[in-house]
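Colleague: Chains as they are written, first to last, in the numbering used here: chain C, 1 to 350; chain X, 1 to 231.
The set of hints was computed from the structure by calculation and includes no laboratory data. Do not take every clue at face value.
Subject to a maximum C-alpha distance of 30 Å in a straight line, what follows is the list of computed DSS-like cross-link-like pairs (lysine-lysine) [stated by the list, open to error]: (1) 221/X / 230/C; (2) 95/C / 11/X; (3) 11/X / 109/X; (4) 41/X / 319/C.
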Amino acid sequence: MNPARLSGRMKTVSMADRTLKKEDLGKLIDSVRAKGGRFVAPALLARQVVFRSVKSAEEVATGYILARNSFKEFLFPQTEVIAEFSMNKDSVGLKGVEVDAPETVVFGARPCEAASLKGLRTLFTWDFVDEFYTKREDKTVVITVGCTSGDEACFCTTVDLSPESTEGADVYLRETEDNGYTVKGLTEKGKKFLDTHDAVFTSGAAKERPLFKPETVPAVDLKRVSERLKDRAHYDDPVWAKLTMKCIGCGACTFVCPTCRCFDITDEGTAFEGERRKNWDSCQYDAFTLHASGHNPREHQPQRWRNRFMCKFNFYPEKFSSKGCVGCGRCIRVCPVRLDITEVMQEFSK
Amino acid sequence: MDNIYLPYLAKIEEIRDEAPDVRSFKLVFEDPALRDSFEFKTGQFGLYSAFGLGESTFCIASSPTRKGYIQCTFRRTGRVTGGLAQLSVGDTMGFRGPYGNWFPVDDWKGKDIVFIAGGICLPTVRSVIWNVLDRRQHFGNITIVYGARTVADLVYKDELKGWDERSDITPSRPWTPARDPGMEGQGRVRADRIGRGRAFCEEHGGRDLHISKFVLNSLLKLGFDEGSVYT
Chain C
1 MNPARLSGRM KTVSMADRTL KKEDLGKLID SVRAKGGRFV APALLARQVV FRSVKSAEEV
61 ATGYILARNS FKEFLFPQTE VIAEFSMNKD SVGLKGVEVD APETVVFGAR PCEAASLKGL
121 RTLFTWDFVD EFYTKREDKT VVITVGCTSG DEACFCTTVD LSPESTEGAD VYLRETEDNG
181 YTVKGLTEKG KKFLDTHDAV FTSGAAKERP LFKPETVPAV DLKRVSERLK DRAHYDDPVW
241 AKLTMKCIGC GACTFVCPTC RCFDITDEGT AFEGERRKNW DSCQYDAFTL HASGHNPREH
301 QPQRWRNRFM CKFNFYPEKF SSKGCVGCGR CIRVCPVRLD ITEVMQEFSK
Chain X
1 MDNIYLPYLA KIEEIRDEAP DVRSFKLVFE DPALRDSFEF KTGQFGLYSA FGLGESTFCI
61 ASSPTRKGYI QCTFRRTGRV TGGLAQLSVG DTMGFRGPYG NWFPVDDWKG KDIVFIAGGI
121 CLPTVRSVIW NVLDRRQHFG NITIVYGART VADLVYKDEL KGWDERSDIT PSRPWTPARD
181 PGMEGQGRVR ADRIGRGRAF CEEHGGRDLH ISKFVLNSLL KLGFDEGSVY T
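Start from the sequences, fold in the hints, and give me the full structure.
Modeller: Right, dumping it as structure tokens:
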């Protein structure tokens, strides 16, 4: 991890107008579930905090920095059936599948990862509207909680976000000294959600805990990174190999990344019937760009890493005017060879 | 729900073997309404399904000027194309599209056009060629430059012959390394002629040419404007 990262405390003014008491979280979960919805929150699983569907407040983790996975998998599942087919003697039966989009509450997301939603939405509605995504997102209320702790992998402030950012969130919470939350409705969807559950989101104020604000990574200049990436002369720069040769291409960074959204479509089943599935894919896999001819335009791992970095800091911002990287640091935490994207940002800030 | 991943079903009306492992399908949509309403632009691609094996991407090889059907040409190289190659006339497969960019053919009206393609890349260009030939009166001189690794690898052999015989196309016999002793099996393509005379050929007279990488530079040297080269 980037050793120069420091931590700091933020003094901020809350604009919250309601509170959620700690003992009322269970009521909220019950209330959402009673209406047929699912309540997704960070919970302990195999000694790791991960986003999962929970049934009670006891399952909801506390004291976590960030769930290990991104909540994107509840909007864009790792695998899902998109069609079913059957093959008869003279014909093929083909049936589309309706998206399974329950009312969903994502609770306890961090402000950084919620900022990924704009990019995902833009991608899944670009040219064609992917209703498998949009219908789920439309039915999801994202409740973020401002961070009161962080670690060396956090770098939201380096990509112009902070624990106070509200982009992508419907409701923003701050932890209070009595282990509850102050509550601010941000979007119409969020405000409606608060009204629907006004028995637990009561009017009032409480003393908030100070937010944790990661220091910006030194020597990173996003504008300079953007400028340098525009000129494709860097494609053959040996610096890519120097920085990323140790990458083993496991793809873990792309799976935990809240903005990565590449997928592949495959068929599964027998010779007579089966289903067509949409599965997460990763630009870090060697077969990702392998042509049928055997030619692979990204034959070596540094070329795949270059693509990932370009996607985050050139393609996404240029094409969709949205953030390709939200500074959550998940990729840094899960990388088995300790590859740190902020070090690449530093190199391309020169 | 509008499921953008759901393919259209299409019957294979005709199969043509173009070259070793290269096959063309003429596809007619099962939905009669779709046969009339389906539109695409020349150069666009689709995803072709062999159900149970998946879908694979390649271009629409026919021209949008030909209504009621589409054609595709593919080389059997993997799981999906291997499955497609086992289908017969009358079988059903899937098509999803059209997707992607297209060639702005209407912007070329009144201009001379040089088509350059190699090997299995001709299907994409073929869509453009027929689009132009079907509206021949709108365009200037037309030259087609095409080559392949071997004579056998040339696709659309009948059409190549037809184009060669047309008086309104600058004749361009396909080049293959087999015609050039010492170049057999080199996997290279050499361009023969283009509309502005033989300078191009003369410049590359003794040299082979990897078409996608070097053609642009060669065209620029010949005085073509970069903005007038489309890929």
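Colleague: Now tell me if each hint is right for this structure.
Modeller: Evaluated hints:
1. 221/X / 230/C: holds (27 Å)
2. 95/C / 11/X: This hinted pair holds, its Cα atoms lying about 17 Å apart.
3. 11/X / 109/X: Given pair residue 11/X, residue 109/X is violated - Cα atoms ~35 Å apart, limit 30 Å.
4. 41/X / 319/C: holds (23 Å)
In summary, the one numbered hint that this structure violates is 3.
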